[in-house]
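**Student:** Residue numbers (this note's numbering), protein chains in the order written: chain A, 752 to 815; chain B, 17 to 262.
Just to be clear, a hint being listed does not mean it is correct.
[As the list claims (entries may be wrong)] Once the Cα atoms are required to be at most 30 Å apart in a straight line, the calculated DSBU-like pairs of lysine-lysine come out as:
(1) Lys258/B with Lys197/B
(2) Lys813/A with Lys797/A
(3) Lys135/B with Lys797/A
(4) Lys258/B with Lys813/A
Honestly, the hints are just simulated from the structure, not real lab data. Treat the numbers as computed from the prediction; the structure is a model and nothing was measured.
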Amino acid sequence: MQWNSVGEFFAMGGYALYVWGSFGACALLMIAEPFLARRRLSDVRKSLARERLADELELQQKNS
Amino acid sequence: MRQSIIQWFRFASPQSFYPLAGRMIPWFWAAAIIFGIGGLWISFFVAPTDAQQGEGYRIIFVHVPASWMSMFIYLVMAFWAGLGLALNTRVSGMMAQALAPTGALMAALSLWTGALWGKPMWGAWWVWDARLTSELILFFLYLGFMALQAAIDDPRRADKAGAILALVGVVNIPIIYFSVKWWNTLHQGSTINLNKAPSMAQTMLWGMLLMALAFWMYSIAVALMRVRAIILERERHTEWVKHAVE
Numbered sequence: 752m753q754w755n756s757v758g759e760f761f762a763m764g765g766y767a768l769y770v771w772g773s774f775g776a777c778a779l780l781m782i783a784e785p786f787l788a789r790r791r792l793s794d795v796r797k798s799l800a801r802e803r804l805a806d807e808l809e810l811q812q813k814n815s
Numbered sequence: 017m018r019q020s021i022i023q024w025f026r027f028a029s030p031q032s033f034y035p036l037a038g039r040m041i042p043w044f045w046a047a048a049i050i051f052g053i054g055g056l057w058i059s060f061f062v063a064p065t066d067a068q069q070g071e072g073y074r075i076i077f078v079h080v081p082a083s084w085m086s087m088f089i090y091l092v093m094a095f096w097a098g099l100g101l102a103l104n105t106r107v108s109g110m111m112a113q114a115l116a117p118t119g120a121l122m123a124a125l126s127l128w129t130g131a132l133w134g135k136p137m138w139g140a141w142w143v144w145d146a147r148l149t150s151e152l153i154l155f156f157l158y159l160g161f162m163a164l165q166a167a168i169d170d171p172r173r174a175d176k177a178g179a180i181l182a183l184v185g186v187v188n189i190p191i192i193y194f195s196v197k198w199w200n201t202l203h204q205g206s207t208i209n210l211n212k213a214p215s216m217a218q219t220m221l222w223g224m225l226l227m228a229l230a231f232w233m234y235s236i237a238v239a240l241m242r243v244r245a246i247i248l249e250r251e252r253h254t255e256w257v258k259h260a261v262e
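Only chain B is shown next, with the shape it has when bound in the complex (with noise of 0.2 Å):
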C-alpha cells in the first residue's frame, strides 16, 4: 500500500514526469488521428440529412466536442490548479498552465462553430442567451487565467493567483451546463443526457462521440507537450534538465 503510494507521487516530480509524458504523446496522437478519421467519415458520409435542417446541422459534429472540452479542460485546470495549491505539488501547476491555451482554443471554437450554426438557423451570429453569454465568460476566464499566470514573475506565486482564479471560476461551468434548463433559451436544450436515450439518429450520436473522443485525445497530447516545455523553462537550473537535454 505504501509502496504503490510512493511510486504514485514519483510522477509528481517534474523529473519523472518529463520522460513519461513524452512517452504517452504519439500514443494520444495516434488516438486522436483514428478518431478523428473515424468521426469525419461518419459526419460527412453515413450520418443522413437532417430532416428539418438539412446539411447545416453537421456543424454539430464539431460544435459539441468543443464545447464539452471547453468545460471539461477548465475542470480538470482547476484541479490541477487547486491540487497544487493545496499540496504545493510542482507539476500540477504546470499541468494548469498547460492546459489553458488548449481550453481557450476549445471556448474560441464553440462560440465560432455555434455562430456558424447561429446565422442559418436562427437568423443571428450572435444573441445574449444564458447558453452563449456564459460561454462567452468562460472564455474570458481563461484569457484571464493565462494574462494573471504571465503578469507575475515567480511561477510559484503565478500558481497561487492563477488557482485562485480557476477555482472561482468554476462555479460558471454549472451554469453553462445547466443554462437551457434554468433558462428560456434560444439555444437548443442538450441532445444527450444521462436519463434517456439521446434524441437524435444512432449514427449522428456516433459520429459526434467518435469526434468526441478525437478533441478528447488531441487535447491530452497537446497539454503534454506544452507540459513538457513549462517543465523545462521552470526547472531549467536544475541538474537533471541540463542532463535531460544532450
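In isolation and in its complexed conformation, chain A is listed as follows (with noise of 0.2 Å):
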C-alpha cells in the first residue's frame, strides 16, 4: 500500500479534486439512478393498486 496517513489517501498526490471528483459523480449517480427506478416501479404499481381498489368499490355499489 502507497499511502502513509489517511490524509495523503485523501490529497491522492495533488490530484484530488480530479480523482474525487470522478470517483464522486459516478458513486452520486450510480446511487441515484436505482433509486429513480424502483420508484418508477412502485409509482406504477401504487397506481394499478388504486385502479383496482376504484374497480371493486363500483362493483359494491352495483351490487348493493
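Fit chain to chain and form the complex, with the hints in mind.
**Tutor:** Have a look at this one:
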C-alpha cells in the first residue's frame, strides 16, 4: 500500500479534485439511478392498486 | 428442438419476462457490489502509483468502464430495437427503452471523468478531438432516442421510430472505437487490444477489469428494474397485470 496516512490518501498526490470528482460523480449517479428506477416501479404499482380498488368499489355499489 | 425454441420465446412475452426479471435483479446487484468492492480495493490500495501521471491516473478505473459501457449498451439497445422492428416482439422495444437512460448516464460519466482527467494531464477540460467529439455525439444519440420516444404517444409507434434512430446511430460506435487509430487524436490510444499484450501493469489491468464487470452488472440490474416498470406501464390494461399486482 502506498499511503502513509489518511490525509495522504485523500490528497491523491495533489489530484484530489480530479480523482474524487470522478469517483464521486460515478457514486452519486449510480446510487441515484436505481432509486429512481425503483420509484418508477412503485409508482406504477401504486397507481395499479388504486385502479383495482376503484374497480372493486364500483362493483360493490352496483351490487348494493 | 422445436420445443426448446418455444421455451425460449416464452420469455419474449411481457407476462413471463416480468417475474423472471424480478428474480434476476438481486443476483446482478450482488455481483455488481462484489465486483465493485474488489475493483475499488485494487483501484486505491493495490494498483501502484503511475510513473508519469502520479495518482491522477486512477481516474482510469471509472473512466474506461463507463466509456466501454456507454458504447456496449448502445449496441445492445440497437440490437433490441432492431429485433423489435423485425419480429414485432413486445419486450424488445421495452428493453431498448429501459437501456437508453443507463447508456446516457454512462456516456455522461465518460465525458465527465474524461474532462476531469484531461484538465490536469492535457491542460484542457475539453478539446474537439475525434474521440471526445464522437463520444459527445453518442450522448446526444441517447438523449435523442429518449426524447423521440417520449414525444410519440403510441408506444408501438414510438418503438419503431426509436429503432430507426438507434440503428442509424450504430455507425457512430466503430467511429468512437477506432477514432484514436484513424485520426491523430489528443486522446491516448487504447490500453487494451485484442492482438497484443496490454500496455499497463497487471494490477492496474485487474482493477480495470473488475470495475468494468461491476459497471456491467450494475447496468443489467438497473435496466431490468426499469424494464419491469415499463412492462407494467404499457400492459396496465391487461388481465395479467391486474392479477400480478395485488
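**Student:** Each hint: holds or not?
**Tutor:** Verification of the hints:
The hinted pair formed by Lys258/B and Lys197/B fails the criterion: a straight-line CA distance of about 54 Å is larger than 30 Å. Distance hint between Lys813/A and Lys797/A is fulfilled; the C-alpha atoms sit about 25 Å from each other, no more than 30 Å. Between the alpha carbons of Lys135/B and Lys797/A the distance comes to roughly 46 Å, so the proposed pair goes past 30 Å and is violated. Taken as a hint, the Lys258/B and Lys813/A pair is honoured in the structure, with Cα atoms around 20 Å apart against an allowance of 30 Å.
The earlier numbered hints that this structure contradicts are 1, 3.
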